[in-house]
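Starting from the structure of chain U, add chains S and C where the hints point.
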Amino acid sequence: MAQLKLEKLNKTYDKQTEVIPSLDLLVNKGEFVVIVGPSGCGKSTLLRMIAGLEDITNGNMYINGIYSNDDTPSERGIGMVFQSYALYPHMSVYENIAFAMRLAKLPAKEIDRRVNEAARTLQLEPLLQRRPKDMSGGQRQRVAIGRAIAREPKLFLFDEPLSNLDASLRVQMRMEIANLHKRLGSTVIYVTHDQVEAMTLADRIVILNKGRVEQVGTPLELYDHPGNEFVAQFIGSPKMNLLPATLVKSGENTSQVVLDSGKELILPIRTPKSAEGQSVNLGIRPEHILWGEKNRAHYQASVIFVEHMGNETYLYLDNGNASEPWVVRNAERSAIVAGEAVGVDLPAEHCYLFDGTGQAFQRLVTAQASPEALISKKIVN
Amino acid sequence: MKLTRRQRYLRSKSFLYLAVVVTATFCVFPFYNAILTSLRSGQDLFLPNYLPTTFVWKNYINALMVNGIARSLLNSMIVATVTVGGCLLVSITASFALARIKFRGRQGLLFTILCVSMFPQVAVLSGMFELVRFLGLYDSLGSLILSYTTFSLPFTVWVLTTFMKSLPVELEEAAIVDGAGLWVIISKIFAPIMAPALVTTGLLAFVGSWNEFMFALTFTISGENRTVPVAIAMMQGSSQYELPWGNIMAGSVIVTLPIIILVLIFQKRIVSGMTAGAVKG
Amino acid sequence: MTTKILSLNTSLVRPQRNKRSLQQRRARAAWLLVFPALFLLAGVAGWPLLRTIFYSFTDAALDTPEVYNFVGFDNYLSFFDGEAYGVLGDPLWWKSVRNTLWFSSWSVSIELILGMLVALLMNQKFRGQGLLRAAVLVPWAIPTIVTAKMWGWMFHDQYGVVNDLLLRIGIIDGPLAWIASPTLSMWAVVFADVWKTIPFMALMLLAALQTVPADLYEAARVDGATAWQRFTRITLPLIMPAMIVALIFRTMDALRVFDLIYVLTSNSEATVSVSGYARDQMVAYQEMGSGSAASVLVFMMVAGIAASFLYAGSLYNKEKQV
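Chains as they are written, first to last, in our numbering: chain U, 1 to 381; chain S, 382 to 662; chain C, 663 to 984.
These aren't lab readings, by the way, just hints derived from the structure by calculation.
Because the structure is a prediction, the values reported are computed rather than measured.
Where is the CB? At the ideal position from N, CA and C, for every residue including glycine.
Treat the hints with care, as some may be off.
Unchecked claim - Straight-line Cα separation of at most 20 Å, PhoX-like style, residue types lysine-lysine; simulated pairs:
id: 1; chain 1: U; residue 1: 105; chain 2: S; residue 2: 569
id: 2; chain 1: S; residue 1: 649; chain 2: C; residue 2: 787
id: 3; chain 1: S; residue 1: 394; chain 2: C; residue 2: 787
id: 4; chain 1: U; residue 1: 105; chain 2: U; residue 2: 154
id: 5; chain 1: U; residue 1: 29; chain 2: U; residue 2: 154
id: 6; chain 1: U; residue 1: 210; chain 2: U; residue 2: 15
id: 7; chain 1: S; residue 1: 569; chain 2: U; residue 2: 133
id: 8; chain 1: U; residue 1: 8; chain 2: U; residue 2: 210
id: 9; chain 1: U; residue 1: 29; chain 2: U; residue 2: 182
id: 10; chain 1: S; residue 1: 483; chain 2: S; residue 2: 546
id: 11; chain 1: S; residue 1: 569; chain 2: S; residue 2: 546
id: 12; chain 1: S; residue 1: 383; chain 2: S; residue 2: 394
id: 13; chain 1: U; residue 1: 273; chain 2: U; residue 2: 249
id: 14; chain 1: U; residue 1: 294; chain 2: U; residue 2: 263
id: 15; chain 1: S; residue 1: 483; chain 2: U; residue 2: 15
What the hints assert, rightly or not - Chain C is nowhere near these chain S residues, computed Cβ spacing over 12 Å in every case:
id: 16; residue: 439
id: 17; residue: 459
id: 18; residue: 552
id: 19; residue: 576
In isolation and in its complexed conformation, chain U is listed as follows (with noise of 0.2 Å):
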């Protein structure tokens, strides 16, 4: 177990594409931390950085307070799984997970008994003997974690495990990983670009956008507070809608939002005096928009599409904006058809808003907000 310290990391490949310009990160002992992003935002890039496999432009690395960007991998002692498993094919899975330790010469006891104990835990006792490529995809998936486990490391890496595998038997990994980070209390850093792993494995998620991070915080945290639209709208499926709105009164516990369509809104968010009269993003989540009747309601729009799920119904509306309607997330079934005109409610205690820069305004009730979840990072007061 370990804690791991990431000061002003920069990544910087050939002098001039910078991937990551600085990144401060603290993991603590025993959490289990999903960094998350779109393709691209160099989520990858930070794993192998903190594995050893890719150096570190700038910026220090500290495992357990020491200094460790020049270390090794193996120095490192971090155990990490690979997205493709990368199991060694001509070798048996007892081989594979003793690998390790052979080549850092312990005893050959000691080894048997950690590559039995790893293949216990992992219910790989039976295939022992096997090689890679005669094991299905979830098993081989068992041995690449099982290779991480056995050396006891202080640090496990996860680079995208799941996504080589169907759907059915991800939901399967994602609850064994789960497992055995309770069992362990290891220190574990997972990278994904699936919110859903994020926000089902993690103790807390950090959100990686162009090597920058957007926020940190639990899962719920960033599903209650996200600091603006971008994280706003990477959690939560389908993804948070945004109207165009005007504060009109700012205020330390409520704020008066009038929306496009005129009807007015009184939001528990805490806005300040100066942003009062510009125009902001009032952000409703599909599932919590209600149908509201045809006249009063605060926003009407006519249905362009409708998504039967079989438990739940997504019906489009338009917004004017073709590539991106708002999404209504109905609980049931749904007899409304395309070309019905509706009218919808927003819940006051259900809205987001941001500024027109994209920033979070505070929101001040939620339904299960602990006090520690306001420190969060970035939220704008």
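Below, chains S and C alone, put in the same frame as chain U:
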């Protein structure tokens, strides 16, 4: 009249098979003809005939014993094996570096190696002749092992580099994370995984050495040091009109058969090796 | 939480950078790993090449290479009493250059066309595909010298099967002297070479053909393209890079032809190649100096042709990018 789908299908199938038969015949016929000739003697040789008529094994015994093909087979075997073995050994580390490590001058090295593999052998002939004499290897198999390295080594480095490039990067990274140094990565991970590619590359280089003619002709004189191609080329009768065609064809069949069998057994690998060296070039 | 970070911060001491980074370490090791191969290559290719160039400026004889005088460019070209001497003054050299270029262009272009046909055939689905591939590999596996002997026998003016077949079909009236006739002997060499190297060409092109996704053909069919249009509009452009590579390889190979001609036509003047000429100067006439000069000229000729190929290739690539 418009043909039905089935008629059209039959017509195109019969064209296809006709083309297959013509191609296969074209490729195999000269060798088939050589076998026919090798089984004939005396006047039979001079009557063109497309089916086996006689089975005379005398030509084979003559070629092997009298013409020294048996000895040259052994020589070729030794030269090709040693050359290929040595080349593969030094190629593994070189191709690992060229395929896996980014370093200054890598592109230049690869380009140089490609150029050397293509340059005409005659360009180094006199310099090689001097080197061979200087090392006291003239008229010995050693001279051939030395000179064959000129074309075998760039070839094996190039093909192995192509194969190495195709292995996933994560495999090497997993080994680094496991604490393996470069030497361990090469010897414990890459070499075993590359075993099939090594066999393929080795076979291709083997065929190349087996067939080489110019160096063998120039650097060996005595009959007991001849390799297969030189021995075949030197099989002559007492005058131009008395070429012992039966013996020559018997010798040709003997030296070709092992290679053909080898190639047919490993045909898929050979094809992948041939194209690996070139398609990505 | 915040206080903890602060306390940690104070205890952090950044040590001096004394270790090399991963990339640096690997780059240094790379040279160590390529060294044995590089050293060997320098010894068996670089050094002999330099010595060949060196000897091309001397009058050394093959049996006593250590005794020589510098003669400048005399081995290449010199004038004496208005007569040209040296390799470049030798009509046979120019004949061998013409022979080599003629041989290379004919055999490579015939190989390309026939190889393409064979590749297209092998790319079809039918029973016995494996057998066809095995048959096609046979010529490749046969040593060049054996090829030369086999075709020499088949081209035999009296007893060869080529004449026999042509007579039977009725294309010719009397037997042709394939090997002895100055006009026909070059064709005999081209035929034998084409037969021997079609497999290489065909397999190379086949590998390229197999990288073309089947969807594309289906899409083109749906769009109403004929078989010929599918070939010229889809197949050819997509396999062009691989085809150019195969062409370069084959051309380089054809330009250094020696063994086939040496055995099939005994290096006759009508067929002698530049490699054959250079070797004859050196070994048959024992003139290491002019032999080396000829070798250097061969090298420069092949390198020049290769360079112009590469230049044309880079132009082609540039044009595509625009």
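Each hint tested on the structure:
1. U:105 <-> S:569: At roughly 15 Å apart (the allowed maximum being 20 Å), residue 569 of chain S and residue 105 of chain U satisfy the hint.
2. S:649 <-> C:787: holds, 17 Å
3. S:394 <-> C:787: Status holds; Cα separation ~10 Å.
4. U:105 <-> U:154: holds, 18 Å
5. U:29 <-> U:154: Holds - the C-alpha atoms of residue 154 of chain U and residue 29 of chain U are around 9 Å apart, at most 20 Å.
6. U:210 <-> U:15: Distance of about 17 Å is within 20 Å: holds.
7. S:569 <-> U:133: It holds: about 18 Å lies between the C-alpha atoms, which stays within 20 Å.
8. U:8 <-> U:210: Roughly 15 Å between the alpha carbons, so the hint for residue 8 of chain U and residue 210 of chain U holds.
9. U:29 <-> U:182: holds, 13 Å
10. S:483 <-> S:546: holds, 12 Å
11. S:569 <-> S:546: holds, 17 Å
12. S:383 <-> S:394: holds, 18 Å
13. U:273 <-> U:249: Since the Cα atoms of residue 273 of chain U and residue 249 of chain U sit roughly 8 Å apart, the hinted pair holds (cutoff 20 Å).
14. U:294 <-> U:263: holds, 13 Å
15. S:483 <-> U:15: Distance ~15 Å between residue 483 of chain S and residue 15 of chain U Cα, so the pair holds.
16. 439: holds, 18 Å
17. 459: holds, 17 Å
18. 552: holds, 16 Å
19. 576: Its Cβ never comes within 12 Å of chain C, the nearest being 19 Å, so this holds.
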